[in-house]
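Number of protein chains: 2
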Amino acid sequence: MRRSERIVRLTQTLLEQPYRLLSLTEMAEKLGSAKSSLSEDLAIIRDVLLKEGTGSLETQAGAAGGVRYIPGIPSRQMTDFVAEMCRLLADPDRILPGGYLYISDILGRPDVLDRAGRIFAHVFSGAGAEYVLTVETKGIPLAVSTARYLHVPTVVVRRDHRVTEGSAVSINYVSGSRRIQTMSLSRRSLPEHSKVLIIDDFMKAGGTAKAMTDMMKEFKAEVVGVGVFMSTSEPVPKLLDDYVALTVLSQVDELTREIHVVPGNFQLARKENSDG
Amino acid sequence: MRRSERIVRLTQTLLEQPYRLLSLTEMAEKLGSAKSSLSEDLAIIRDVLLKEGTGSLETQAGAAGGVRYIPGIPSRQMTDFVAEMCRLLADPDRILPGGYLYISDILGRPDVLDRAGRIFAHVFSGAGAEYVLTVETKGIPLAVSTARYLHVPTVVVRRDHRVTEGSAVSINYVSGSRRIQTMSLSRRSLPEHSKVLIIDDFMKAGGTAKAMTDMMKEFKAEVVGVGVFMSTSEPVPKLLDDYVALTVLSQVDELTREIHVVPGNFQLARKENSDG
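Here the protein sequences come in this chain order: A and B.
Read in order, the letters of the first sequence are residues 987 to 1262 in my numbering.
Read in order, the letters of the second sequence are residues 987 to 1262 in my numbering.
So that you can see chain A by itself, here it is in the shape it has in the complex:
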C-alpha cells in the first residue's frame, strides 16, 4: 500500500475514534506495513494536527501500547465560533413572551453541536470525565456531542421517573423559575464512584446544575466539571460557582427588544493543558 493511501486510512481511523487507544501492532497488521513505516506516518499526522491546532496524538509505549487521538481546537476558532454565537443569539426575533430566548434552532444545528462539543471536550480534556451527564431535554444534543469527542457515554437525568428504566434515585429542587421540580436517575445508568462532566444548555441561578451535583452524591460520583452553552449574568452569586459558559446573556428587554450576549469564561477555564 502506498504511503498516501495508508495516511488516509490512518487519519480516518484515528479521527473517527477520539480518545480510543488503538494498538500499533493491530494497525500495522491491518495495513500490511512495518511498524516503522506506521510510526513515520503517525509522525506526519501528529505534525499536521499540532500545526493546525486541531488535536494531538498520544503514544503509549509497551506491549499494550498504542496511539490515541486527542481532539483539540485552535483558540482562534473557539473565539470566532463564540463570537458568531453571540451575534446569532442577539437577534431580537428570538425574544419570546416572558423575556425568554428561543435557542432550540441553534442547539439543533450539526455544525454548532460539533463545534461546541469540541470546545467542551477541549476545555475539560484534563478532567478525566468517565461520563457526560445532562438533564432532559435541550441539553442532550450538546452532551452527546461533547461525549463523542471525549469518547465516554452520555447519561440523561429525567424530569419524571419512567417505568422503562428500573429503580431510580429521585430528588426535589428549586428551579430558576422558583418552582419545586423533581429529577430522577436510574440506578443502573451510572456505576458508583464515577467521574462525571455535567453539560447543559442554559444556566440561570444554577438550580438545575446544583441539583445534578447533589444527585451525584447519591451515586458517590465526583463532578469534574460543569459546562453550559449559555449562562445569565444575573443573579450573582449562582448556586454553583465553578462552571464554564460559552456565552453569557446579560440582558433581554421585551420592550426595547434589546439583547446582549457576550463571550463566557471558556478561555480562562482550561487548567491542565495550556497548548490550546
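Worth flagging that the hints you see were computed from the coordinates, not collected in a lab.
Any given hint could turn out to be false.
Which copy is meant is left open, because identical chains are indistinguishable; a pair holds if it fits in one copy or across any two.
The calculated lysine-lysine pairs, modelled on DSBU-like cross-linking and capped at a C-alpha distance of 35 Å, are [stated by the list, open to error]:
1) Lys1196 x Lys1181
2) Lys1016 x Lys1037
3) Lys1224 x Lys1016
4) Lys1037 x Lys1021
5) Lys1196 x Lys1224
6) Lys1196 x Lys1037
7) Lys1206 x Lys1181
8) Lys1196 x Lys1206
Guided by the hints, dock chain B onto chain A, whose structure is given.
Only chain B this time, still in chain A's reference frame:
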C-alpha cells in the same frame, strides 16, 4: 507542503464535515497548492473510501463546484454491529418489571451512537432529508448522531409544551401503552414544506411514529423515512408500515427470563444507492 501533509489536512477537513460542499478553489488556496495536485489528492482519498466501503466523494463541477464527503459503512460492518447489538440486548439482566427492556446504557455509548447514526445516514442517504425529527427523550442521542452524518439539523418534538419555545402545534395520540398522550412542536422549529427523517429508539405499535407523521402534516412537511433502533415483532400490522429497524424484539419473558432479539430490515431498506 508535502503531499502526505496535504492528504492529512484534506482527509480531516472532509471527514469532519459530512455532506458539506467544500469549494476546490478555497481549499487549494488554503493549502497553497495547485488545483491539479488537489484533484490528485482527492482521487487518492476517494479510492481509499471506496475500497474500504466507508464512503465516497462527490464532485460538483463549475464555478460553484466543489467536493463533498458522503459517509458510508461496509455491509459487513453493519451486520456485525447489529449482531453485536442483538447479543447485548438479549442479556436477561435487562428485563425490568412489566417486561420492559433496559436499553438506556446502550443508547448512551458513543461507539453505538456513532455506528447506528452512520447506518441510518447510509440507509437514508438517497432520501433527501433536510431535518432529522425525534421525540424526547431516549431517541434524541440517536437522532443527533444520524443528523451529524447527514449534516442536517435535529428537531425535537416535546411531550409537553414548554414556555421557552414559543407558539407550538400540539396533537393528541394513543401510545403503545394505550394512554392518551400529547406531543407538541414549536412552530419556528421547522419551516413548512421540509423533508424530514424520523428517528426514534423504539417502536411497538407505531403510535408515536404515526403521531409524528401526523404532526408533520401540520407543518406541510414530507416524511422521507422512519428509522428505529428497535422494533417489536408484535403487534402486526403496525400503524405505520414503511420503517427501518436495526433490531427486532420478538420476545421478553419475565418468568423464564428469555429475550429474543433479531436483526431488523435495515439491509433490505436501501433503495437509491446499492453500492453499500
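We went through each hint and held it up to the structure:
no., hint, in the structure
1, Lys1196 x Lys1181, "within (16 Å within a copy, 40 Å between copies)"
2, Lys1016 x Lys1037, "both (28 Å within a copy, 14 Å between copies)"
3, Lys1224 x Lys1016, "neither (53 Å within a copy, 44 Å between copies)"
4, Lys1037 x Lys1021, "both (24 Å within a copy, 22 Å between copies)"
5, Lys1196 x Lys1224, "within (9 Å within a copy, 43 Å between copies)"
6, Lys1196 x Lys1037, "neither (39 Å within a copy, 50 Å between copies)"
7, Lys1206 x Lys1181, "within (9 Å within a copy, 45 Å between copies)"
8, Lys1196 x Lys1206, "within (15 Å within a copy, 41 Å between copies)"
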